[in-house]
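Residue numbers (the numbering used here), protein chains in the order written: chain A, 1 to 350; chain B, 351 to 934.
It should be emphasised that the hints constitute simulated quantities derived from the structure, not laboratory data.
Backbone N, C-alpha and C define an ideal beta-carbon position, used for all residues, glycine too.
Hints should not be assumed to be uniformly reliable.
[Stated by the list, open to error] Label pairs and their computed distance ranges (CB to CB):
| hint | chain 1 | residue 1 | chain 2 | residue 2 | range |
| --- | --- | --- | --- | --- | --- |
| 1 | A | T49 | B | E896 | 57 to 65 Å |
| 2 | A | T229 | B | L449 | 33 to 41 Å |
| 3 | A | T285 | B | P924 | 52 to 60 Å |
| 4 | A | H177 | B | P924 | 49 to 57 Å |
| 5 | A | T229 | B | L560 | 53 to 61 Å |
| 6 | B | H706 | A | V228 | 34 to 42 Å |
| 7 | A | T229 | B | S759 | 50 to 58 Å |
| 8 | A | E242 | B | E748 | 40 to 48 Å |
| 9 | A | A14 | B | A917 | 48 to 56 Å |
| 10 | B | G837 | A | E242 | 24 to 32 Å |
| 11 | A | E242 | B | A917 | 37 to 45 Å |
| 12 | A | G262 | B | A917 | 58 to 66 Å |
| 13 | A | K175 | B | G837 | 27 to 35 Å |
| 14 | B | G837 | A | W222 | 53 to 61 Å |
[Claimed, not checked] Derived lysine-lysine pairs resembling BS3-like cross-links, with alpha carbons at most 25 Å apart:
| hint | chain 1 | residue 1 | chain 2 | residue 2 |
| --- | --- | --- | --- | --- |
| 15 | B | K895 | A | K237 |
| 16 | A | K227 | B | K915 |
| 17 | A | K152 | A | K107 |
| 18 | A | K160 | A | K29 |
| 19 | A | K237 | B | K899 |
| 20 | A | K29 | A | K18 |
| 21 | B | K899 | A | K227 |
| 22 | A | K18 | A | K96 |
| 23 | A | K308 | A | K201 |
| 24 | A | K185 | B | K899 |
| 25 | A | K152 | A | K283 |
| 26 | B | K861 | B | K728 |
| 27 | A | K227 | A | K305 |
| 28 | A | K305 | A | K205 |
| 29 | B | K728 | B | K745 |
Chain residues, written in single-letter form:
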Amino acid sequence: MADVQSQMIKFHEAIKLKRFDENETLRDKREIILKRLNSGLKKLDLDPTPKYEVIDQGSYAMDTGVKPLNGDYDIDVGISFKISKDDYPDPLEPKKWVYDSLVGHTKKVEIQRPCVTVYYQISGEPAYHVDLAVYSDKDNNSDGKIYLAKGKEHSHKENKIWEESNYPSLINLMKNHFQDSEDAKQFRRIIRYLKRWKDFKFQSKGNAAPIGIGITIAAYKWFAPNKVTNPFDNTTKYNDLEALQHFVGAVLSNFQMVYSEGVWTKRLEVLLPVAPGNDIFTKMTNSQMTVFQERLQSLFDSIQKAQKEVDPKEACTLLNQQFGCDFPIPDEKDTAQKRSPAIVSSSASA
Amino acid sequence: MLDHSRKFQIFSDFTKLDHLKNPHYLSSDELKKFASRKIDFAVQGQVLIDEKEVTLCIGTNHTFPLSLPIVFLQPADAFGMIPHLEGDGCLCYLDPEGLLLNSEEPVGILIEALKRSIILLQNGTRGENYQDFMDEFSFYWQKAILEPKCLLSFITVDNNLRQIFAYKKPGQDILFAADSIDIVNAYFNSELNPFSSYIRYTALYIPLELGTILTPPQRNRPWSLSDIQEILRKNLSLKNQKLLKKYQSNKKKKEQLLILGLPRSNGGRTLVGLVFSDTASNELLLINKSKSIPSGIIVIRYDSDYLVARGGGDVQLQKVHALVVGCGSVGGNIVMDLIQSGITHLTLIDPDTLSHENTFRHVLGHKNESKAKVIALKEEIESKYPYVSINIYVKHIENAIKEKVIQLSEFDCIFLATGNHTIELYLNRMIHQLKKTPITIFTWLEPYSIGGHTLLTHPQQSGCLQCLFTSDDHNSYYNKSSFAASGQSFAKNDLGCNGSYVFYGALDARKTAEQSVRLALDSLRGYETGNPILSWKGDDNLFTKEGFKTSLRYQLSIDTLQQNKYAYINPNCPVCGEQHRCPQ
Ligand SMILES: [Zn+2]
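Looking at chain B on its own, in the form it has when it is part of the complex (with noise of 0.2 Å):
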């Protein structure tokens, strides 16, 4: 990046600015008790914290001023435990990520790290910012620990002090802790316990009140008995005492694990683990002076409400059931997309098997040509993702309902994806003479690339799928959302007959996917609570080309078509219309 004499140059300009009293350029050899940080040019020298003289050094690596130069408080301990100071007196006083560094300005970038570095060491020493050692815990406690073991958490973290269970292999250490093996089962979508050889023993999870501020342990100072019965006895609710004092025993256990929730500003909670020997759990509860030590243990969670996008709001995303009637190329993404987004609960229905001329365009490709493409798909979803609920039909959607192998009204959200709208405006019908209301996503693609649509109806309110094909006028029928002016056929029949398939591309259909699955979400989490279409416009010139014409409605701005996103409201509809609604 910088030569030798560039380096100096800026950092000559640097210290002329008597930011540094005394400054001290380190030689090689002083250069070396940095050596894991690499760093090639520093200069030392004197700042006041608080009245306090100490020394920083300020250096840079190969890649400044690319990246940032690294701070160290000399002697590390000259504050003791503060917030962002590594054992070896380095400064984390800004997070690398998200920052924009102006190269052109290396004597502005040395100052400026100087400057928080100061600012951070200020608040440390006047204990302002030690809600940050609760924000980044599990940095501090992996740090602090010798023999760094992990467990894996299936626990629900929540702010209810309670038994769970620790599970391992006969000999081994524990490999995790759950509430229950079935949550466990769920993580890895199995249906049999490969678990059932693991030992289970009880252990204790115990989140401290919100608002708790504690100081990490170290190396040189870990957590002993008495520290973590100080902790409880000032960071507990009361409920949670109870509950403490109930969970109590006088028999020694040859081990007791507890896990810790530690919260966190922004309201999650950090999980440490704490392993003892030979201890009875109502010694938690006591006041002595044990120096005994309890190992700490690195949780990493695994739990759902972790791992799994959350609708945030007050939907919870992953109670929500979902019907996805037509796993084709568009339905197909919005499978994956669904999951993606948290709702893992799923039912899907499609007759069709994965042909080869499918390949291309559906989300599965040919790994699973001639598989009925909802047991594909549920495999996929499985191998893929923890946590998943896939339940599959391979059926024709009305026949499903005939045979009464689904309700509509058991689903919060139903998807038809089916290309069929004769079919598609059936259920329309069906799906608004419901009590219970699940809220419903037609889409559907246009030929060659124009477009694609997306209609949400929430039964029992105005603007329904039927709408767009209910005018006064009686001498035509056709779909006024069209991008394709009407009475135009699209079928290409370059398969023959049975094969006939409508042109399209793989972008299309995930382009409107997404745009379904979008607009689904804002309805769960109530963003959108009107009964919208949304159309996106792809280019003509292919759809022309070939001969077709254009709707009047294409010819619309993509802002007007926004803007008239209710307009196809019929009030008239014979299905939504006020006048055809059952009575609540």
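Chain A on its own, in the form it takes in the complex (with noise of 0.2 Å):
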């Protein structure tokens, strides 16, 4: 059996989307638009001048972002305000605020249903866009709860809903997972795999694509670190190949026969260990549910098949097949060349 541990970790650093504090092109763009936010509400002229928190969410913040196919980086940005729901019957309120403070900072800002979009383009390519989510912060709240606003300008009323959401407490359960950093490591590896295959696989308009979160909390129910100790040495090697056959196993087996749109189908349910607590999956139509469990067992396949090649180079075209490009083929050249470092210390004496 092929060791291809070390392709999969170059495969992870090719998509690994550093964190805001790691990538300075993204951090600007956070820092230019949190600006705006500030001096635009400022020019509002509310009374009082609405105060309010940055929240980092998303998958910068648990550290699970890949790098988009299509160029198309997404931060978000959580904008907390110090406000009562009760006091802005309607949601959209604050989300005008929002809206009204960023509008002609670029080309299109919109006003989504669970946030507030700002698109940035380069040569006339979507190249990054930034959601604000827009929270009713919990110190606010009779409740001590935090709530998102949800609704676009003109839905129905019904839409227009301050929704309970604890997503940023989201944060600290995903940090706080595994007490083992390195486990951590592989588990936030693991994700990123998953999503870049989704990316590669799926197409990222509508709902055919399972949504990264859904990933990120399915590996945060059903994934289990794969390593080996040897226990001469006492080293750790981690064997991420087979954590992703486990976790994609794990993945197929929670699909489950349900009675939805009239008809008795397989779907996968994955709820948010949060407030809401949504099935995160339930926007997938049962056709794209069924095509997202047939492509999942074929890359549990692949990996299988994988696991079992002796060629570490066709071990890996298997995989790049599944996962695209990025993933690395070793050159025949390379596993020739290898060395072992020649002149080493040695501790011993006598």
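Fit the two chains together into the complex; they arrive one by one in their own frames, and the hints show the way.
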């Protein structure tokens, strides 16, 4: 059996989106928007100017981001206003503060149902977008809960709601999931592998693709670290491919027969472990779900085949077909020319 | 220890218990006859031994109750000669070695001493412990001889009756006996023969059959020729009787030496000597009433079986030929430990001389400064121990092999203690290609006292030095057993480039050497048939203070290290892996 751990790690390095503090461009974009929001809010002449707190959220904050294939990076920011939802029965009002502060900053700023989105383009192609989720802060609500402002300008009234949402605490939940920092690293690698697979195998438009947070939460529930500790020298070796195989297998086994859209069908349900606690994949249609399951099965089969391959080149070719061209295929020369260090220091004496 | 009134108190408590009938405290006048035993307090009375009433006297000296009481049979010859009874009636009812006395219970000590004395006398009168005569024969023998004379014996003590040689200076008593003068020279590690002026004449070694029980002679009842004739008639194997006939001659000699081999219950033999004057050896087999009395001789064993520690089991460690490569701090200790363990045939290889910087680390100290290490070691060993055979080469091992001055396959056991794993890996490969296979011990120290390692390898078997350096990860090359994290350099440069040495203590070297020799002995005796690595772990205070990092392996507990002593073995090892082994 070929050992492809080094290729897995190389793949991870290639797809990993570094966190804000490490990624200058994204950090700059975020800072510019937040500055603009700050000055924009003042210009709105609200009395008083609403106070707010900026919350990092999304895959950057969880350190599970992957580089987008279409070049459209997204940045998630939470704007938590120090307001009570009861004082603002229309959740669109604070959303419009954000919209009004930022509109005109780029060619396109839109109010979406869960957030306000600012689009950036480079030579006409989408390059970045920043999603600003608008919250009513927990300290200002009598029940001590956080609420997300949901709804578009022309939505029906029943779609304009304050929805209880504890997304911010999700970050901590993920961060503290593993005591062992190396286990946590494998956890994040596995999420990134599958997110890249998703980006490579599915259309990004609409709901065809399983959303990234769904994969993250599924991993939170079903991923188990896979490693071997050598009893002799006490060193630990992680096996990402095996971990991925077990995880994908676990996801597949969680597809269950349910009655949906008037038929019995197999669906995957992944509930958010924090409020609002909804099923993350609920928006996927039955047929989208079926495609998801089929492709997941094909991934699972490829992984198993790759595990049985003796030649690392063959194994990586199989994986490359699932994960796309960022998955490296070792050159025969590479393997042949690989040499151990020739002169090293020794601690032995006699 | 105890004042007179306290002693009196103890003895009166004892006598109240009626172990002795008609107890009588000895007066200071009566005590005088025990002066040589330094008894200052004693009581005597009667006890029944198999329906015979005898008097026992129990006394103490001034060290009581830190020492045993002394018990006498009165009169001393009440039962004739029985084991553990001395001429003055003193009973050796217990061997004082290995005892713990509860000095809080002095009365209990007196009771126990008396009880054991009674049991001893009962066993003696019933003849149940006559084997004890054989086990302590030399003690009785010495007591029985009027004018004690000694001879040193170098003969091989076995069950074969044979002719041996006695040696003496002209006009003097016999000095020693041996199968040949070479053995005596081997004892003195002398290559010349300093005994060429000695007179040699033939003598007989006569081993008695296992199970032989004899009553020792006594001062007033020495063995006569007819006693000895009877002993030989009754206690020789058929084979040895025939051999004795073969060696008999009619020629009367002025002096005829016999050495009797008397079997002990533990399998060993006690030697005693007898010198006849004017007797022909054929007379030994006659039945006559000759009252001629030979003189007894005390024989002191100097044969190597007796002196050199023996391996036990099936292996005779004396036959093991060991090679020690590298005679520095660890190797020097290995050499000394091997000798003391009974491995006396050694070949030592080391190109270096002892330098004054080595003084406190090397087993030889500075006595032999600027002498080649192997020469100095050989001299040291030969001056200290008999029966050793040390070959030495002031060379690098790779040159010694290239020049064919040594053949690795000639050895039973090889120790590699060079501290140079480049050379040792090369030798490891070479040893694993041998058809005839020595066991090999690789051993080395870690810096700053964090530990030391011993790896045993039986060739043609999985597990070797190369395994430690072989991993699936081609990006690294390091020793998996190391307690120091890889990639650190430890040459301490305070002596300049040429003198750079690695810091360690003499104690670490000794500990590592001991671990290595123990493992080799375990393997030679067949207790360890696998290829383990043993690692001892020291404190890392100094090591970390110097800014170095320990390895993950160092964090393992001593138990875990021990449990995983075979876990280093790499089935794909290019040296010992199955597919690389040469066909048997
Ligand atoms: Zn090996």
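Taking the hints in turn, this is what the structure says about them:
1. T49/A x E896/B: 57 to 65 Å: holds, 60 Å
2. T229/A x L449/B: 33 to 41 Å: At 52 Å between Cβs, range violated.
3. T285/A x P924/B: 52 to 60 Å: For P924/B against T285/A, whose Cβ atoms are near 58 Å apart, the range 52 to 60 Å holds.
4. H177/A x P924/B: 49 to 57 Å: violated, 42 Å
5. T229/A x L560/B: 53 to 61 Å: At 58 Å between Cβs, range holds.
6. H706/B x V228/A: 34 to 42 Å: violated, 50 Å
7. T229/A x S759/B: 50 to 58 Å: violated, 40 Å
8. E242/A x E748/B: 40 to 48 Å: Roughly 45 Å apart at Cβ, these two residues keep to the hinted range, so it holds.
9. A14/A x A917/B: 48 to 56 Å: violated, 35 Å
10. G837/B x E242/A: 24 to 32 Å: holds, 29 Å
11. E242/A x A917/B: 37 to 45 Å: violated, 21 Å
12. G262/A x A917/B: 58 to 66 Å: For G262/A and A917/B the Cβ distance comes to about 60 Å; the hint holds.
13. K175/A x G837/B: 27 to 35 Å: holds, 32 Å
14. G837/B x W222/A: 53 to 61 Å: With Cβ atoms ~38 Å apart, the hint is violated.
15. K895/B x K237/A: violated, 29 Å
16. K227/A x K915/B: holds, 22 Å
17. K152/A x K107/A: OK: K152/A and K107/A at ~19 Å, within 25 Å.
18. K160/A x K29/A: violated, 29 Å
19. K237/A x K899/B: holds, 20 Å
20. K29/A x K18/A: OK: K29/A and K18/A at ~15 Å, within 25 Å.
21. K899/B x K227/A: Satisfied, since the Cα-Cα distance of roughly 24 Å is no more than 25 Å.
22. K18/A x K96/A: violated, 31 Å
23. K308/A x K201/A: Given pair K308/A, K201/A holds - Cα atoms ~23 Å apart, limit 25 Å.
24. K185/A x K899/B: holds, 24 Å
25. K152/A x K283/A: Judged against 25 Å, a Cα distance of about 18 Å means the pair holds.
26. K861/B x K728/B: The given pair, whose Cα atoms are some 22 Å apart, holds under the 25 Å limit.
27. K227/A x K305/A: holds, 20 Å
28. K305/A x K205/A: Given that 25 Å is the threshold and the Cα spacing comes to 31 Å, the pair is violated.
29. K728/B x K745/B: Given pair K728/B, K745/B holds - Cα atoms ~15 Å apart, limit 25 Å.
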